[in-house]
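Residue numbers (the working numbering), protein chains in the order written: chain A, 2 to 467; chain B, 252 to 505.
Read the hints as simulated data drawn from the structure, not as lab findings.
Heads up, the beta-carbon is just placed ideally off N, CA and C, and yes, glycines get one too.
Keep in mind that a hint or two might mislead.
To be verified - Anything over 12 Å on all C-beta distances counts as not near chain B; from chain A, calculated:
id: 1; residue: Leu169
id: 2; residue: Arg279
id: 3; residue: Cys369
As the list claims (entries may be wrong) - Here are some of the chain A residues that sit facing chain B, going by a computed Cβ distance under 8 Å:
id: 4; residue: Phe170
id: 5; residue: Val325
id: 6; residue: Ser328
id: 7; residue: Thr329
id: 8; residue: Gly367
id: 9; residue: Gln371
id: 10; residue: Leu384
id: 11; residue: Ala408
id: 12; residue: Pro437
id: 13; residue: Leu439
id: 14; residue: Tyr446
id: 15; residue: Asp448
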Amino acid sequence: MKVTSNDFTSAATSSLKDGEMRRSVNQATTTAYQKRIDLMFEAGHAHGEALRRRAAQAKRRALQRLPELLDQAEAKLTANGAHVLWASDGDEVNRLVLEIISQHAVNSVVKSKSMVSEEVGLNEALEGQGIEVIETDLGEYILQLAGEPPSHIVTPVIHKTLTSIRDLFIEQLNMTPTDDAQEMARFARQVLREKFITADMGITGGNFLIAETGSIGLVTNEGNGRMVTCLPRVHVAIVGIEKIVATLEDYALLTQVLPRSATGQSMPVYTHMYNGPRKAGEADGPDEMYVILVDNGRSAIFNSGYAQILTCIRCGACMNACPVYQSTGGHAYGWVYPGPLGAVLTPLLVGLERARPLPHASSLCGACKQVCPVDIDLPQMLLDLRHDLHHQRAVDPTWKWGMKLWAFGARFPALFGIGGRMARLLTGDRSLKRLPGLLSRWTKYRDFPPFAKQSFRRQWRERRGG
Amino acid sequence: MRDSPKGKRASLFVTCMVDMLYPETGWAVVDILEHLGVAVNFPSKQTCCGQPAFNAGDRDSAKRVAIQFLKAFKDAEVIVTPSGSCAAMVRREYPILFADDPRWCDEAKRAAAITWEFTEYLVWGLGISDLQLRLPERRSFAFHDACHGLRMLGLGAAARTLLKNMGNAVVEELQESDVCCGFGGVFSVKMADVSGAMLARKIRGIQECSAETIVTGDVSCITHMNGGLARTPSPKRVRHIADVLADALPDKSP
Chain A
2 MKVTSNDFTS
12 AATSSLKDGE
22 MRRSVNQATT
32 TAYQKRIDLM
42 FEAGHAHGEA
52 LRRRAAQAKR
62 RALQRLPELL
72 DQAEAKLTAN
82 GAHVLWASDG
92 DEVNRLVLEI
102 ISQHAVNSVV
112 KSKSMVSEEV
122 GLNEALEGQG
132 IEVIETDLGE
142 YILQLAGEPP
152 SHIVTPVIHK
162 TLTSIRDLFI
172 EQLNMTPTDD
182 AQEMARFARQ
192 VLREKFITAD
202 MGITGGNFLI
212 AETGSIGLVT
222 NEGNGRMVTC
232 LPRVHVAIVG
242 IEKIVATLED
252 YALLTQVLPR
262 SATGQSMPVY
272 THMYNGPRKA
282 GEADGPDEMY
292 VILVDNGRSA
302 IFNSGYAQIL
312 TCIRCGACMN
322 ACPVYQSTGG
332 HAYGWVYPGP
342 LGAVLTPLLV
352 GLERARPLPH
362 ASSLCGACKQ
372 VCPVDIDLPQ
382 MLLDLRHDLH
392 HQRAVDPTWK
402 WGMKLWAFGA
412 RFPALFGIGG
422 RMARLLTGDR
432 SLKRLPGLLS
442 RWTKYRDFPP
452 FAKQSFRRQW
462 RERRGG
Chain B
252 MRDSPKGKRA
262 SLFVTCMVDM
272 LYPETGWAVV
282 DILEHLGVAV
292 NFPSKQTCCG
302 QPAFNAGDRD
312 SAKRVAIQFL
322 KAFKDAEVIV
332 TPSGSCAAMV
342 RREYPILFAD
352 DPRWCDEAKR
362 AAAITWEFTE
372 YLVWGLGISD
382 LQLRLPERRS
392 FAFHDACHGL
402 RMLGLGAAAR
412 TLLKNMGNAV
422 VEELQESDVC
432 CGFGGVFSVK
442 MADVSGAMLA
452 RKIRGIQECS
462 AETIVTGDVS
472 CITHMNGGLA
482 RTPSPKRVRH
492 IADVLADALP
502 DKSP
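With the rest of the complex left out, here is chain A:
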């Protein structure tokens, strides 16, 4: 997927003008935020926080043993009859999938939702070779029809209204006009059912990769994951290497926090484990199963100071809680992962120079860390990335020198005092309605209060001496 994250600031400004989109995003995120609180803490606050702590520990333990656990998963999967392939980058993922396609004479592919496949641009690569690819998660299917990228990692159509989806179905699929959401979903299901039955290959992501058993753990709400994996002849699971967990017990724990955090459900409608292809005597399942383990920048993160971001379980709770995301929606972030997660992960995966505004796309309010089911310190990482930006000299000179000048003044109390007095002399005793230069961005939305006639330090000196 093309990276346009350097345009965040202007894209955000345009998004802010889209009232309909903002209403949809706001309503959906605040509902999800509230439902998460209800379900995460249904057995009390202490219980919910303990779940978070244990989930964080499970993912951090797995991360520490990442290379070893990946080897264990590969050995188990291979013993179960699956083929395990390793892809170092996006091009390699696409090449491997195309090889499997030609090996098994595949003409049509059905997919369940996979963010890593968005990362590598899989659909475009397959369609470029004349392969039909159909997204079967309802949200992703809608976006495929609309030709848009997802704007949220769990609810990809969060930015769209029911009316716009209705019009899309009428225009592209000749749906009999209706405003009833259930009716529309039923219609889409019929269309998709055909595709499931006729597809040669199913592609999924994987929410977890369980080392102990060599299983792909997958959670869905629509049942499309099961159709994609069981009906076609070939199943390909594309899984980021950070999805590893050590044991089934850890998987059980994480499938408690994931749906609670993502959609406010105590469990997802479908919780799957895929261990390998259909064995002799079994009724269901694919003839062949491939697991592609994707690096695509992850081992570099593993070896950096940002390794903790690899414990993310992609629940999207940070997006739902983020007042920036709630205001701008996801497209402004300019790549696959929006919100606080994207503000951290995008610069790390595509390069800071291609996502310079993102570490600043946060007021550092900390709501993201508060809701994170694995307690990732996203605000601290944003601060660290800002530090990296500064080191790479990727900072506007006005900012840089403004900050240096201020910091210089702050080293000398007398100078600091004089600065305050000069500000007062220059601006007088009234609120400021218009400031010059960069500061005009402040007065675009707010007044600035008058500087004190006498600073606190002077008043103290006069009243108390010293």
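Could you slot chain B onto chain A? The hints should help.
Chain B alone, transformed into the frame defined by chain A:
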């Protein structure tokens, strides 16, 4: 558990914004502490905690300013500040900022250990949740939870308790009281439009709130919210918790 600040002299870190924009808030803190019998001093070499530079990514500048802070407060027994955000900077970020600096590492840890935000100092430090004061007349308040105090220091309850226990004070709820007002330091200028949208949302909440006055613990958020409110017909304003509490001090009552 932190060392109890009871019986120790309180060194006021007034913060750069209170110093230059809201000196009366500094005096409100001094008046309340002295009313409670706490000895207060003001180390005159203080300027700023360095957070603006730290949040902008300029850690060298942040460090220089932070060293000035450490020098100014090197003799302090307890540091009290009317800002959750600046307290969080000293408590949470100084140890990170100076982790690899043997010259200042210990000083930074010491400062972190003795720094208290004003309301938590009263409630959890001194164990005073009731100031035994009464406002001259009945007034209604609602809290906006400033982000850093709420999420980095776990405040929230402290300020509410103080106000709830004050005579003639009615405490109501502000909807979305824990949602950021959009200030975020450099964010408010760098991402001015997004910040402005967040401010508009906060102002809608304030306008719909039944309380006359909104109370919070950080003057930066106050500057942001009042700066926005000034452009609406609403007469409502946001005030610092110390200012509101100081209204009830005996010598201030009419």
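Legend entry - Broken hints, by number: Hints 3, 4, 12 not satisfied by this model.
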